[in-house]
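Asker: Here is how the chains run, residue by residue.
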Amino acid sequence: MTRETIFNLLLLGALLAVPLYARAVDEPYLVTLATRAAILALAGVGLNVALGQGGLVSLGHATFFGLGGYSMGVLASHAQGYTPLLTWPIELPGTTSMPIVWLVAVTVSGLAAWLIGALSLRTTGVYFIMITLAFGQMFYYFAISWPAYGGEDGLSIYVRNGFPGLNTLDPIQFFGIAFALLLLTLAFAALLARSPFGLALNAARQSRARVQTVGLSPYRLQLTAFVVSGMITGLAGALFADLNRFVSPTMFSWQTSGEILVFVILGGVARLCGPVAGAVLFVALEHLLGGIGDYWHIGLGVILLMVVLFARGGLIGLLAGRASVHD
Amino acid sequence: MTPLLLIEQCLNGLQFGVMLFLMAAGLTLVFGVMGLINLAHGSLFMTGAFAAAFVARTTGSFTLALVAALAAAAAAGALVEVAIIRRLYDRPHLDQVLATFALILIFSEGTRWLFGSFPLYLDIPEALSGTVMLPGGIAYSLYRLTLIGVGLLVAAGLYVLISRTRLGIQVRAGESDREMIAALGVDISRLYTIVFALGAALAGLAGALIGAIQSVQVGMGEPVLILAFVVIVIGGIGSIKGAFIGSLLVGLTDTLGGVLLPELFALFMPRADAASAGAALASMSIYLLMAVVLVVRPAGLFGVRT
Chain V
1 MTRETIFNLL LLGALLAVPL YARAVDEPYL VTLATRAAIL ALAGVGLNVA
51 LGQGGLVSLG HATFFGLGGY SMGVLASHAQ GYTPLLTWPI ELPGTTSMPI
101 VWLVAVTVSG LAAWLIGALS LRTTGVYFIM ITLAFGQMFY YFAISWPAYG
151 GEDGLSIYVR NGFPGLNTLD PIQFFGIAFA LLLLTLAFAA LLARSPFGLA
201 LNAARQSRAR VQTVGLSPYR LQLTAFVVSG MITGLAGALF ADLNRFVSPT
251 MFSWQTSGEI LVFVILGGVA RLCGPVAGAV LFVALEHLLG GIGDYWHIGL
301 GVILLMVVLF ARGGLIGLLA GRASVHD
Chain A
328 MTPLLLIEQC LNGLQFGVML FLMAAGLTLV FGVMGLINLA HGSLFMTGAF
378 AAAFVARTTG SFTLALVAAL AAAAAAGALV EVAIIRRLYD RPHLDQVLAT
428 FALILIFSEG TRWLFGSFPL YLDIPEALSG TVMLPGGIAY SLYRLTLIGV
478 GLLVAAGLYV LISRTRLGIQ VRAGESDREM IAALGVDISR LYTIVFALGA
528 ALAGLAGALI GAIQSVQVGM GEPVLILAFV VIVIGGIGSI KGAFIGSLLV
578 GLTDTLGGVL LPELFALFMP RADAASAGAA LASMSIYLLM AVVLVVRPAG
628 LFGVRT
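Keeping their order, the protein sequence lines are chains V and A. Quick note: the first sequence, position 99, residue 99 per this note's numbering, numbers continuous. Quick note: the second sequence, position 275, residue 602 per this note's numbering, numbers continuous.
These are computed hints drawn from the structure, not numbers from a lab.
Some chain V residues judged to face chain A by a derived CB distance under 7 Å, without partners named:
{"#": "1", "residue": "Leu133"}
{"#": "2", "residue": "Ala134"}
{"#": "3", "residue": "Phe142"}
{"#": "4", "residue": "His297"}
{"#": "5", "residue": "Ile298"}
{"#": "6", "residue": "Leu305"}
The structure presented is a predicted model; accordingly, all values stated were derived computationally and were not measured. For glycine and all other residues, C-beta sits at the position ideal for the given N, C-alpha and C.
Make a model of the complete structure from these sequences and hints.
Answerer: Okay, here's the thing in structure tokens:
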């Protein structure tokens, strides 16, 4: 076992142990914090597929996070208002079933990622960053100006969506759902990185020309990675909306995109559990620094600046040394 | 929709466009010369606005406020360049994005700490308030007309600076080959600081001028910054001319879209639905414009394909 694997196991073990301990000593607030960390980590794992493996610096992942959130919000608001979602061509009701919500969230954000990716991937480098940021802003303004689903005020959902056989309103059970999805997604990301597709994607990041020479299309590889990445982040968005029982255009804001990027970087780019380490650190900082003063973002800014300037491997790079695979 | 109203909205779009140009010009210069993507450019816009609002409140003079905005933004720009940005030129874009994102957090919270969360207000100076009669019987805000004039003047000045002066030669040379001009004895790091401070000053000026028609508050810079990115993507990175054309296109599309689309939808929809559908589509219009440009010319209207 490499040091990184040991670190990953310890990290995930800690993320599981904290809420179990919190439940034992009856601190439900801590369980919610751990759930928040697990969900944000999931969003980061999504971005890491595009960023770490594909080298695509997307500053627009809030789009998928928001679309996931609004999928949940729209479906649940129709269900709680007993109004049909669609009346034509067939009558479709809303739903409060988590698996259906997840399916819709993943499909919607995947479609959006395909559209945005198909356009943005025509360019590279700094253009790509600006364009993903701009498309993110487009969805943000659309969410604000479209009054049907709350506009600027967002949507409140009174009851958390259900999962067959579980009581999702019990914090620890909801944490279990989020944590299980995080583990499944991590396993998927690990398999993806080792698959022929993952290897080709990594190659496309390192040497576009060589990949083209052997007959693969970097554009299609990167577009696929972008879509997968958007789908995972969309799933995280649906869970995040369920955690807060509230969706608002803030989920689409550029700050959200920036924060998802920050999880990945604080933890370590292209590391399997980098986003998990980053999200846990972010939630912990938010909680600890936020407790000290109102201006905790200054502290976060300084820490981020230091990590970028001096500790480029992020937290995992600091604790577990250089990545064992050459990248 | 009368023709008079349409002309007025065109002027509004033009005014918005030239202000966007002040932002986009700095961004595109910094990218063209140093290869840096600077997310904190919006913070320099905000710095200018806050400096202007603060000086206007203490001295009551709008001229002094503008001078303060230029000075504060340029100084903040130069300081940040020397302390942090300088270390990022050779780094990947990802590092630049993150470091400048960190700077946004520091600038925004720092400003909130200094001035509080409530917006400040910057009044339009007495001499420029009121309206002016344009030929054709259009009453138009004198201040907005002045903004158009200032924007066009800055654009002309920038053109002369880049194409006619020694500094301009160095900037253009820096865009094409920085090792070579360093070898020819140009102090490249001083040039970088000057270019960055110049871009910052333009952003600060835009912040102060816009601050008088909006409220001056934390977070005012980033929406403008992202629009400036759209401008640059449309115009082509590194091209001042592209930034100018792109700014006007974005300014006019955004303003006219907001007015015309609801009217257009009202032709075949109930009034209330048309208003909301029109507003929603208008909010997306500039991004759709960007998408079209990307499909037709991925490197932007005046960009060079690399």
